[in-house]
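Heads up: the protein sequence lines correspond to chains B and R, in order. Residue numbers for the first sequence follow the UniProt record's numbering, beginning at 1 and rising by one. Residue numbers for the second sequence follow the UniProt record's numbering, beginning at 1 and rising by one.
Derived from the structure by calculation, the hints contain no laboratory data. Cβ atoms here follow ideal geometry from the backbone N, Cα and C, with glycine treated the same way. Take these hints with a grain of salt, some might be off.
[Stated by the list, open to error] Calculated from the model, a selection of chain R residues having no Cβ within reach of chain B, i.e. all distances over 12 Å:
1) GLU11
2) ILE21
3) ILE56
4) LEU75
5) LEU82
6) GLY84
7) ARG106
8) THR148
9) ILE155
[What the hints assert, rightly or not] Just so you have them, the derived chain B footprint on chain R, three or more residues with Cβ under 8 Å:
10) 23-33
11) 132-144
What follows is each chain in one-letter form.
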Amino acid sequence: MIRLENVTRVYGQGARAVTALKDVNLEVAPGSITGVIGVSGAGKSTLIRCVNLLERPTQGRVFVADQELTAMSKTELRKARHGIGMIFQHFNLLESRTVRGNIGLPLELIGTPRRDIDQRIDELLELTGLTERANAYPAALSGGQKQRVAIARALASNPQALLCDEATSALDPQTTSSILTLLRDINQRLGLTILLITHEMEVVRTICDQVALISGGELVETAPVGDFFTRPATEEGRLFLNDFLQLAPSNALLQRMTAPAEGDSLPVVRLTFRGQALSSELMTRLVQDFGIRLRILQARVENIQGRTLGLMIVELEGAGATFDAAMDHLHTLDVQTEVLGHVQRHD
Amino acid sequence: MSSAMIDRILEAVFDTFYLVICSGLIGIALGIVMGVALYVTRENRIMAMPVLNRAISLVVNVGRSVPFIILMLALAPFTRWLVGSYIGTTAALVPLSIAAIPFVARLVEGALNEVPHGLIEAAESMGATPWQIITRVLLPEARGGLITAATITIIALIGYSAMAGAIGAGGLGAVAYNYGYSRYNPMVMLVTVLIMVVMVQGVQMLGDFFVHRSRHR
């Protein structure tokens, strides 16, 4: 539905030139939700603005619904934009218009008859749960309501694709979640293709099917969300994920731990389980087959698009050889192990 | 004060209204056009034409730097060509309107600059034409600022119209000068000044009222 081919965007010229996007290739399947994630300044905003040509790529081609936007005249491009909705971090609603007036604007632009506009506004108010606030002005609305108005407005002309530019970044976590639910809902009900950019992993994890990690203007990794969260393919992916999904030893544990093994001390190990590996059976086998005793000190389990990711810090008790054998066994089951330190036996 | 003087002052009030309202309408209408042109033709704007922009800007600056009393005299040949005479109430409308245009243009440009860029971007993403952006986004969103600009202009024109009395435009300025100053009638001077104060106050209050009404917050 959306395809970027070798898109490069350079600001300025000569020695002062700054490359904001470097040879970006991205494909968003019809009806799917793709999230582009990256730190600020990575080029996310430029990327999404290149899709509807609010910014024109210096090189490369942009396709939406099999039409090449980069080859269009101004008039053709305006027409194509009617089929691409967009919402923004700061909502960008017209303060001089009511909720109804804002939602109807895109239809006024294409000359839809007044009666049809009013009917469509009613449908959209219903869809976004704003019927009660139809005649309010934006200044009287909460952030979440404003973003709902913006979504209704973006959907007014029945677009096939929706671009979301940090749409939840100005909202609190609870409102974010309700907006994400709404986006997921319209994606499923209307078959709308969504491309969003965000710096929040939580957003990607909650609603995206595909994720693209952008760093320094380049897409470094594009993968299904379940794969990316459980098995990032690149170092950048791992680093980004570690910031989001981590299990750090508590302060109390850090104080008790010593780096090298001391006499009778026990190793403290961080285990990272992926996919289906996390099961109580695994624990039982460690105890039964290897004679290892295991105490769980800290644990965290996440479910991402049907995949399980488990993080656990455990204290292991077992003789040298059995310990190594147990670690090998875990590795064959694709459990990542990491010795964090040692603690004194405390019984 | 004699009843003849009272009649004279009343007539002068109507002349002042006539001068201010007519030149205000013309000046504000053309000033808005020029202000919008200044705004949209700037670099990176919706109708970027930097050369034209600099040209308009230069014209505006020249227009604003000539003192009104000089402008009025300098325009005399043009006024005579346009309305047949350079003396009289109608003739005074020409320099008043022309003085108002660049004044309004800068104020309008300032009001438009206050419209958040994101709104223009949103309209562009909807496929709006530049004309649609001007008429449906820029001007309505800048309404408060535009009313303020109109208020300031009308008040400035009340002052300018008094100067126009010097070329026989009539109005309160002429009465104050001819009777209050030249024939030393302090009562006439006081009354005309008071009327002008009331007019300015009234325009300001009306302007504030409309600005307030245009704000939805």
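Legend entry - Whether LEU82/R stays farther than 12 Å from all C-beta atoms of chain B, as the label says: 37 Å, holds
Inset, instruction - Classify the label on GLU11/R as holds or violated, using whether its beta-carbon is more than 12 Å from each beta-carbon of chain B. - result: 41 Å, holds
Inset, instruction - Take a quick look at GLY84/R and tell me if its Cβ sits farther than 12 Å from every Cβ on chain B, holds or violated. - result: 43 Å, holds
Inset, instruction - Beyond 12 Å from every chain B Cβ: check whether that's true for THR148/R. - result: It holds; THR148/R is separated from chain B by about 15 Å at its closest Cβ, greater than 12 Å.
Inset, instruction - Examine each Cβ of chain B, and state whether all of them lie more than 12 Å from the Cβ of ILE155/R. - result: 25 Å, holds
Legend entry - Distance rule for LEU75/R, whose beta carbon must clear each one in chain B by more than 12 Å: 37 Å, holds
Legend entry - Assertion that ILE21/R lies outside the chain B interface [Cβ separation over 12 Å]: Nearest chain B Cβ is 26 Å from ILE21/R, so the label holds.
Inset, instruction - Report holds or violated for chain B covering the segment 132-144 of chain R, Cβ cut-off 8 Å, minimum 3 residues. - result: holds (count 6)
Legend entry - Cβ contact check, 8 Å cutoff: the segment 23-33 of chain R against chain B, three residues minimum: violated (count 0)
Legend entry - Beyond 12 Å from each Cβ of chain B, as asserted for ILE56/R: 23 Å, holds
Legend entry - Non-interface claim for ARG106/R, where every Cβ of chain B lies beyond 12 Å: At about 22 Å from chain B, ARG106/R clears the 12 Å cut-off, so the statement holds.
Checked against the numbered hints above, the structure violates only hint 10.
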